[in-house]
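Work from the hints to combine the two standalone chains into their complex.
The listed protein sequences derive, respectively, from chains U and S. Everything in the first sequence is counted per the numbering used here, starting at 1 for the first residue and increasing by one. Everything in the second sequence is counted per the numbering used here, starting at 1 for the first residue and increasing by one.
Everything labelled a hint here was simulated from the structure, so no lab data went into it. No residue lacks a Cβ here, since even glycine has one placed at the ideal position from N, Cα and C. Don't take every hint at face value.
[To be verified] Think about it this way: if two alpha-carbon atoms lie no more than 16 Å apart in a straight line, the pair counts; the simulated EDC-like pairs of lysine to aspartate or glutamate are:
hint, chain 1, residue 1, chain 2, residue 2
1, S, 70, U, 90
2, S, 29, U, 206
3, S, 70, U, 94
4, U, 236, U, 175
5, U, 236, U, 182
[As the list claims (entries may be wrong)] If you want the ones that stay clear, here's a sample from chain S, every Cβ over 12 Å from chain U, calculated:
hint, residue
6, 43
7, 44
8, 45
9, 46
10, 97
11, 101
12, 104
13, 106
14, 109
15, 111
16, 115
17, 117
18, 187
19, 201
20, 202
[Unchecked claim] Restraint ranges, calculated between C-beta atoms of paired labels, are given here:
hint, chain 1, residue 1, chain 2, residue 2, range
21, S, 80, U, 215, 39 to 45 Å
22, U, 76, S, 86, 24 to 30 Å
23, S, 84, U, 72, 16 to 22 Å
24, U, 186, S, 90, 46 to 52 Å
25, U, 72, S, 86, 17 to 23 Å
26, S, 89, U, 65, 18 to 24 Å
27, U, 76, S, 195, 52 to 58 Å
28, S, 50, U, 72, 42 to 48 Å
29, S, 93, U, 206, 38 to 44 Å
The lines below spell out each chain.
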Amino acid sequence: MQVIKLFNSKKNPAPAPAPAELEAVEFSADSAPALPELREVETNQDIEAARTETLVYQARNGDLTAFNELVTCYEQRVYNLSCRLLGDKDAAADATQDTFWQAYKALNQYRGGSFKSWLLRIASNQCYDQMRAKARRPAASLDALLEEAEETGGSILGQMEDSGADPQDHAMRREMLREVSEALQQLPYEQRLVVVLSDVQGLSYEEISEVTNASLGTVKSRLNRGRLKLRESLQKNRELFDGKFRL
Amino acid sequence: MNEVRELSQSGENSHENTWLLQISLYIDKRLEAPALVRLEQHLSGCSECRQQLAGLRQTVQLLNELPQPKMPRSFTLTSAQARALRPRPLYHMAQAAAAIAAIFLAISLILDYSGAFASKVAPVSQAVVATPAEELPLVGTRPPTTPCPTNGLACAQSGLGGEVTSPAPPTPAPTIAPIVTATSDNLVSIRLAQILLTGLVLVLAAFAFSLRPRAPSRR
Chain U
1 MQVIKLFNSK KNPAPAPAPA ELEAVEFSAD SAPALPELRE VETNQDIEAA RTETLVYQAR
61 NGDLTAFNEL VTCYEQRVYN LSCRLLGDKD AAADATQDTF WQAYKALNQY RGGSFKSWLL
121 RIASNQCYDQ MRAKARRPAA SLDALLEEAE ETGGSILGQM EDSGADPQDH AMRREMLREV
181 SEALQQLPYE QRLVVVLSDV QGLSYEEISE VTNASLGTVK SRLNRGRLKL RESLQKNREL
241 FDGKFRL
Chain S
1 MNEVRELSQS GENSHENTWL LQISLYIDKR LEAPALVRLE QHLSGCSECR QQLAGLRQTV
61 QLLNELPQPK MPRSFTLTSA QARALRPRPL YHMAQAAAAI AAIFLAISLI LDYSGAFASK
121 VAPVSQAVVA TPAEELPLVG TRPPTTPCPT NGLACAQSGL GGEVTSPAPP TPAPTIAPIV
181 TATSDNLVSI RLAQILLTGL VLVLAAFAFS LRPRAPSRR
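Okay, chain S solo, but in the shape it has when bound (with noise of 0.2 Å):
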């Protein structure tokens, strides 16, 4: 019984499909020749297609008949708010300027990120490994009281473990020490460099969104 009403259903969706589509495309004259002959017979022989043509024509010409609204003010603009509408060239500057301000930023953080700053850096960590302990000064352990009986980085592990008992003597200044302290300030003034265009940048944008166009004021 289900399958009689769903094929019941089905045809008449087919019908449907087939015939109502064209009926709409002749109603607005736009069904061509063939087609214009074919739809012309079967509603000769089809009254409930010919009825909503009928009902369709109706329903089309209600719309047409739909009275035009009163408009309730003229929406000509007046010369404030096509100014507010237009942007300033200040706008369109501070707009490029921080664009800019975020590619040089940009550039930076990723040339940070893919080590092309820290380059020079790497050696020299390396190079602070391999050195001999009584080359390099101690940092933030106890001064050395009593001379290292091996060398001096065996010293300088064990004070990294927190018993620093026998440190190396005070030795000369190192030749890498300048090194470090170069690449540390290359370092520092790249991380400034970054944070001032990080302003820059939120400084331009937050001024350029001052200056946006805005909707102006509705009459």
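The following block holds chain U by itself, in its conformation from the complex (with noise of 0.2 Å):
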């Protein structure tokens, strides 16, 4: 019997086989034990995508509690790149609510295909109303932010301090991402959502492409650029970077 763990691949799904594929795909990987290690991280894909696709089919009938495990799986994905796009937690948190609002709406408007890169479009575009929208309010700050970032324990800082490293390493790493942090969102919307979404979520340039409905010329162009740009706005700060840590 395969241990099936699903939402947890930072790789794109594979193209979603229909609702009623789903029990075919189950059978199948409970009646071949003896599958090669690709095969089975294939089938699980397969059996993530399929199961989406399920949830999605239920929640467009009205099942509510669908939608919420849909709601529970991509939650943290979506308030990430709301954070980095946004650089402020409250509006970060607003725009996830209405993404999740809006992706409940428009269900009837989903045509298949990746349903994260569906997703996090509408998170995108929240994210840009929400910012056309926070330059009338005060932002919070982005040091809070990653302070409460590192509650969570799971971040790099996190490791770092479990593993002994020396405190001035840490002290230093922990300004670098505060100032990776800023410096992001001096970068142009356009470029922000794509460096975002390729060194911060991890998705492929051809998801970049689906989720900003850009051509992959454009994600490459975008992409080089904001990292350029980020790069020279934290050589700015040359004497931060000092030995190891000099960009």
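Written as structure tokens, this is what we have:
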């Protein structure tokens, strides 16, 4: 019997089979215990995609529990994207909430494909709206965002502390991450979106192209220009980046 | 001197344009074999690009290491929120009814302005001009006191100028009058229908607007 963990893969799920095929996929997974590891991963992705499609199908027919299961699967990812795009946790929370409300209203317009890309496209649009509204109210500080993030215990900073890393290194690293967060906010929105999707969310070029509705060439170009601007922005604080942290 | 500086800058830009995008793709392992070999050969001889590569790599690494922010709350929907977000069937019905009424109104206005409703009126107005004045009742002029010396039309024309001195004698009911009355009645009823349709569109649109799905209050 295979152990199947859903919704934990960073890779793009394979094209989703129809909900009716779910049972067949599960049956083949159960009936072939000696599959190679690669095959097992592919099967898990298929099942993950099929499971998502099933939940979408059920949610579309009014099943709120199914929709909330989808929310639970993707809310951290959407909130993370919103935080990095907006640099303000209150606006990010609002954008995340609006994303799921909009997704619930627009479920009938979902035409298959990657549900994650569809959802992230809604999120990026909501963030853009929030960004325009954000100018009218004060933003929560990025420091607060970073400090709160450290409390989650899953961050690289937490890991460094646990592994007994040099406190000076830790402080410097922490400062650098704060600088990166701030420098991200200085990027034009289109470049920031592509950089966050690629280097924070781990999406492939193809997925980013799907989310942003831009060509692959545009995605590559925006990503390159965004990274270069980030690097230049970080270089301005050169005194922070001595020794091994110099960019 | 300026030319030299411009040439130097354009040379740097050309160098950046040529290699920086490739370096970004190289970091993401998205460079195909021939371009990959060319870039690696270039990197072995260009310290500037090697620095760019190292800097960009570290930037990407820092972005990868950005901590995941803690969610302030769960974003699952309550049943009340779900009800508020999904439109009621009555909303769709009101929308459809308003749209149908609006289409009828648009059609009637188009026909009205294109002259389809006025086609019966035009000959009548010509007939009024061509009809001898003795067959037409004078409206809005003083009652005749003396008979008209020439004909009714001349009297009517002079009456338009405000000097009716010798209007035509009273005549029997003209044959054209019922047509004028009928077309006037038609126009009145068309106008009335248009006003009613406009009102209906507004009422239905307002009703649909009041039933629209609204964003529930945030938790």
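Verification of the hints:
At most 16 Å may separate the alpha-carbon atoms for a hinted pair to count; residue 70/S and residue 90/U meet this at roughly 12 Å. With a CA separation close to 14 Å, the supplied pair residue 29/S and residue 206/U stays within the 16 Å bound. This hinted pair checks out: residue 70/S and residue 94/U have alpha carbons roughly 14 Å apart, not beyond 16 Å. Among the hinted pairs, residue 236/U with residue 175/U is consistent with the structure: their alpha-carbon atoms are about 14 Å apart, no more than 16 Å.
Only pairs whose Cα atoms come within 16 Å are accepted, and residue 236/U paired with residue 182/U is accepted, the gap being roughly 13 Å. Taking the minimum C-beta to C-beta distance to chain U, about 16 Å, the non-interface status of residue 43/S holds against the 12 Å cut. For residue 44/S, the shortest C-beta to C-beta distance to chain U comes to about 22 Å, beyond the 12 Å cut-off, and the non-interface label holds. Every beta carbon of chain U lies more than 12 Å from that of residue 45/S, the smallest distance being close to 21 Å; the non-interface claim holds.
The beta carbon of residue 46/S is kept farther than 12 Å from every beta carbon of chain U, the shortest such distance being approximately 16 Å. The claim that residue 97/S is not at the interface with chain U holds, since no C-beta of that chain comes within 12 Å of its own (minimum 21 Å). Residue 101/S, annotated as away from the interface, keeps every beta carbon of chain U farther than 12 Å; the closest lies near 26 Å. For residue 104/S, the shortest C-beta to C-beta distance to chain U comes to about 29 Å, beyond the 12 Å cut-off, and the non-interface label holds.
The beta carbon of residue 106/S sits about 28 Å from the closest Cβ of chain U, which is more than 12 Å, so the claim that it is off the interface holds. No Cβ of chain U approaches the Cβ of residue 109/S within 12 Å, the least distance being about 33 Å, so the stated non-interface status holds. Distance check for residue 111/S against chain U: the nearest CB is about 37 Å away, which clears 12 Å, and the non-interface claim stands. In this structure residue 115/S is separated from chain U by more than 12 Å, as the shortest Cβ-Cβ distance comes to about 43 Å.
Distance check on residue 117/S: its Cβ is at least 42 Å (rounded) from any Cβ of chain U, clearing the 12 Å threshold; non-interface status holds. The claim that residue 187/S is not at the interface with chain U holds, since no C-beta of that chain comes within 12 Å of its own (minimum 46 Å). The claim that residue 201/S is not at the interface with chain U holds, since no C-beta of that chain comes within 12 Å of its own (minimum 25 Å). No Cβ of chain U comes within 12 Å of the Cβ of residue 202/S; the nearest lies about 26 Å off, and the non-interface call holds.
At roughly 42 Å, the beta-carbon separation of residue 80/S and residue 215/U lies within the given 39 to 45 Å, and the hint holds. Distance hint for residue 76/U and residue 86/S: a CB-CB separation of about 25 Å, consistent with the stated range 24 to 30 Å. Evaluation of the 16 to 22 Å hint for residue 84/S and residue 72/U yields a pass: the beta carbon distance comes to about 21 Å. At roughly 49 Å, the beta-carbon separation of residue 186/U and residue 90/S lies within the given 46 to 52 Å, and the hint holds.
Distance hint check: the CB atoms of residue 72/U and residue 86/S are about 20 Å apart, consistent with the given range 17 to 23 Å. Remark: the range hint 18 to 24 Å for residue 89/S to residue 65/U is upheld by a beta-carbon distance near 22 Å. Between residue 76/U and residue 195/S the CB atoms are about 57 Å apart, so this pair conforms to the stated range of 52 to 58 Å. Our hint of 42 to 48 Å for residue 50/S and residue 72/U holds, since their Cβ atoms are close to 45 Å apart.
Taken as a hint, the range 38 to 44 Å holds for the pair residue 93/S and residue 206/U, whose Cβ atoms sit roughly 42 Å apart.
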